Amino acid sequence: KQEVTQIPAALSVPEGENLVLNCSFTDSAIYNLQWFRQDPGKGLTSLLLIQSSQREQTSGRLNASLDKSSGRSTLYIAASQPGDSATYLCAVEVDNDMRFGAGTRLTVKP
Amino acid sequence: GAVVSQHPSWVICKSGTSVKIECRSLDFQATTMFWYRQFPKQSLMLMATSNEGSKATYEQGVEKDKFLINHASLTLSTLTVTSAHPEDSSFYICSARAGGPGNTIYFGEGSWLTVV
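Quick mapping for you: the protein sequence lines, in order, are chains A and B.
Residues 1 to 110 in the working numbering are what the first sequence lists, from first letter to last.
Residues 1 to 116 in the working numbering are what the second sequence lists, from first letter to last.
Since the hints were made in silico from the structure, they are not lab data.
As the structure is a computational prediction, the values presented were derived from the model and not from experiment.
Treat each hint with caution, since some may be false.
Result set (EDC-like, lysine to aspartate or glutamate): computed pairs, CA atoms no more than 20 Å apart in a straight line [said to hold, decoys possible]:
| no. | chain 1 | residue 1 | chain 2 | residue 2 |
| --- | --- | --- | --- | --- |
| 1 | A | LYS1 | B | GLU59 |
| 2 | A | LYS42 | B | GLU22 |
| 3 | B | LYS41 | A | ASP39 |
| 4 | B | LYS55 | A | ASP95 |
| 5 | A | LYS42 | B | GLU109 |
In isolation and in its complexed conformation, chain B is listed as follows (with noise of 0.2 Å):
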């Protein structure tokens, strides 16, 4: 199937810095990305929509300005956390569906953040 992959699987960075995390698909042309952040034991709570050349969009909540996602090619997504708190410790996961609602989306693995 299908192959998405995310990088790096786990991360650890200094509180007020910033980390980028990339989700790329490998073998398709992902025109719709999707970025999900999971707290321990919660489920995963989608943060942003983007889809190839256009402005990501939010979830309610979801600050644009602090998680910058940045879609710019067909197989690349990247989510990057600024000015990192120790709040914003958690799983992300990216996902990703070649074409419109209803074909199948992959999900990458996961990325840890750790905020110290």
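So here's chain A without its partners, still in its complex pose (with noise of 0.2 Å):
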């Protein structure tokens, strides 16, 4: 059973570093990887998308890796902002579902 990972939990930087969250997932045949924002009390809001045989996706000042071979994912997100203060979840698709990590809770301190 595919099993979703994410390292940290929780995470608190000052505004204006660059930090990254990591995803691992124990099988590596997957469709996909995304990568989810959640803010306290919402749905989900997607972010990037990576399908099986692609590598990274960018979007502003996110980028997303992937090594289906490692199953392991990284979230990069450059220059931090308050507003980026939320959960981050990673979710693998496989077969009929999706598989989603625990989360990281982002603080980002103004």
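Take each chain as given, in its own frame, and dock them per the hints.
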């Protein structure tokens, strides 16, 4: 059964810092990997989707990489801002569903 | 992008009653819909997968007689929590996909259920 792990569970950084969030998964037979943002009490906002044949995706200050063979993905956030404070979830699509990690709670301090 | 809408956004019900949550794909035909539950400060846990016109496939540990899922059309799936108890209070999120695995999955905004 696919298991998704995210490290760290929580992260607090000062504004302006670059940071990396990590995601690992146990079964490399995935269709894609997706990073989401979730604000407290809200639903999911899709940030980046990486297909299994791709190595990375970029959107603005966000860059996500995928190493399917090693079962790892990273989300890089450049020049962090207080508005980036949220929980970041990674999820992999396998067979007929999507499996989520527990998330990283990010706090960016002004 | 594609839109998946959930209704209601939040609901309060009395213990022992049933409550229904709807999930609609507004601009595409969703052959598969997924239901997740999220407890505070925890991740999303898949409850069940439903294909249009078929019975839902439930994850281990999810009571199918308690969480009734109906996917009667290509644009609507419903989750009914029967005989709700306070421990069923949670954030329920649906997602939908057109076509088979590998196609983009779109998420609803979620529904907060509080059982008092």
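Those earlier numbered hints the structure runs against, lowest number first: none
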